[in-house]
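Enquirer: Each chain, letter by letter, is given below.
2 protein chains.
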Amino acid sequence: MSRTPDARVRDTQTKQIQENITNVEKHFGELCQLFAAYVRKTARLRDKADLLVKEVRLYADTETPNLKIGLKNFADQLAKVQDYRQAEVERLEVKVIEPLKAYGNIVKTKREDLKLTQSARNREAKQMQQLERMRQRNPSDRQIISQAESELQRATMDATRTTRQLEETIDDFEMQKICDIKKIFGEYVTVEMAFHAKALEIYTTAYQHIQNVDEEGDLEVFRNSLHPPDYQSRLEIVRANSKLSLNRTGTSMSKSGTLQSGTSSRQRKRDEAEDDEEEEDEDDDDLEEVTDDEH
Amino acid sequence: MSRTPDARVRDTQTKQIQENITNVEKHFGELCQLFAAYVRKTARLRDKADLLVKEVRLYADTETPNLKIGLKNFADQLAKVQDYRQAEVERLEVKVIEPLKAYGNIVKTKREDLKLTQSARNREAKQMQQLERMRQRNPSDRQIISQAESELQRATMDATRTTRQLEETIDDFEMQKICDIKKIFGEYVTVEMAFHAKALEIYTTAYQHIQNVDEEGDLEVFRNSLHPPDYQSRLEIVRANSKLSLNRTGTSMSKSGTLQSGTSSRQRKRDEAEDDEEEEDEDDDDLEEVTDDEH
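Protein chains in written order, with the working numbering: chain E, 1340 to 1634; chain P, 1340 to 1634.
What the hints contain is simulated information worked out from the structure, not anything from laboratory work. Predicted model, so just to flag it, every value in this text is computed and none were measured. Please note: incorrect hints may appear among the correct ones.
Heads up, simulated DMTMM-like pairs for lysine to aspartate or glutamate below, C-alpha to C-alpha not over 20 Å straight-line [said to hold, decoys possible]: (1) Lys1537/P <-> Glu1540/E; (2) Lys1521/P <-> Asp1415/E; (3) Lys1354/P <-> Glu1559/E; (4) Lys1387/P <-> Asp1386/E; (5) Lys1537/E <-> Glu1526/P; (6) Lys1387/P <-> Glu1429/E; (7) Lys1522/E <-> Glu1555/P.
Sequences and hints are given; from them, build the entire structure.
Expert: If you want it as structure tokens, here you go:
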């Protein structure tokens, strides 16, 4: 009868270990699925940003030189951020999702260890019942009772031994679990930090590319594209022949004339080349190189 | 006849302005939609991370004290990142998507300006045809021809005036467009940078919370929860009665016994309180305060 409280303690212990294993199984499974969903959404965000990069490049091809270069450089930086987002996705899969997934098998082996212990304990309980029966049926047969007692003692020692083994296994499992949580969550944070740090660095460059766009230079190019070189002078001849011209349109004329005079022939040629590109609407590698040289 | 090349120049110009407006309409529309998609995916990512925060908190409630505190603090930081992601979403909507959307109306007014100019030009062309007709039908009627000439001159001046106005409007539009692109893309980068900088800062704290988890302390708590205080001593009595005990399980006994001895009664009490909480599985505010005091 002295063993019964211990058996009860061990049953509580077993129940506790079982709950512990089930708890880890449940929460590691949930965490795994939620991290996987987080990673999938990150990949979808990268996809959308990739489309944005593509569109910024398409738009850049239709724009005046400075804005075009600025937008192309901006798109390059935005694309770089997506490359790092892709790296983030891949690293989270390897360093967070895979280790969490691995707990499915780890938990399975712990359950088997628990089962071994439980059957040893069942044998002990059965042996205990048998001893009780012997004592009731043959209270004076010392030999039979002594034999049953020593069999119970063996079963108890066996149950105690596997319990100890289980305790050690569960001890290791618990230690491993805490260390793995620290490692996995630490990896998650490290991967995220690496991405955010890179993004911060790249966006700083992207910001400069956009802010450096010289709108005045582009506006000049734009004006020249609307006023072909010989248009202004011929218009003057028409105006000279007209009696009404000077009074009505003198002001806007001189304004536009002044802006016109600031244009060099180099800029005009560049502008014409620009127009050809717009019509072809192609991603010209040679032009990209010129772009790089200029900035 | 001297005006025809100018008219042709202006037709080219009009076509160019039209193409320019259509181009802005197309690309600003595309950019608007793609930025909106990017923002939507960012919001979905925030949603998934929110679920992750919730699950980490649920899991924390089932864990030993140090890991519980570490996980709760980690979840708080992860939640903070999502708050900043929400701010990112809202700011991108206001500072990027809305201004791009506004170009729908801006483009519409530019199209109307273009229409006004085109009708003035159509009137001029009609007047020119009429003059030609007069010259062919009544080549010697100086008065009729002179009248048609002055009407054409008026139409020409009117066309020239509205053309000038259009040029100025388009000039402003072009300048505004480049400045807006710089502003909108600049805002995009600024909003993203603010988020990444905050995330980097918060994850640094999150990392410390996770790495500071004392696994040895938790393991002790875990062991005590498996070995109730009086279990060990009673087991010793059982063992002393058994002839087989010392030979078979001496090693694992002494190991487990040593680890056991390191446990204070304070830790045991804390552990029991822990168990109660686990059973209730509630988000205890009082415990959260204790957590904050300790870290």
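Enquirer: Regarding the pair lysine 1521/P and aspartate 1415/E, is the alpha-carbon distance no greater than 20 Å?
Expert: Between lysine 1521/P and aspartate 1415/E the Cα gap is close to 16 Å, so the pair holds against 20 Å.
Enquirer: Measure nothing beyond the straight line between the CA atoms of lysine 1387/P and glutamate 1429/E; if it is 20 Å or shorter, mark the hint as holding.
Expert: holds, 18 Å
Enquirer: For the pair supplied as a hint, lysine 1387/P and aspartate 1386/E, confirm whether the alpha-carbon distance does not exceed 20 Å.
Expert: OK: lysine 1387/P and aspartate 1386/E at ~17 Å, within 20 Å.
Enquirer: For lysine 1537/E and glutamate 1526/P, compute the direct alpha-carbon distance and say whether it is at most 20 Å.
Expert: Holds, at about 19 Å.
Enquirer: If you draw a straight line from the CA of lysine 1537/P to the CA of glutamate 1540/E, is it 20 Å or shorter?
Expert: holds, 14 Å
Enquirer: For the pair we were handed, lysine 1522/E and glutamate 1555/P, check the Cα-Cα distance against 20 Å.
Expert: With Cα atoms ~15 Å apart, lysine 1522/E and glutamate 1555/P stay inside 20 Å; holds.
Enquirer: Lysine 1354/P and glutamate 1559/E: Cα distance at most 20 Å?
Expert: Given pair lysine 1354/P, glutamate 1559/E holds - Cα atoms ~19 Å apart, limit 20 Å.
The structure fails none of the hints (numbered hints given earlier).
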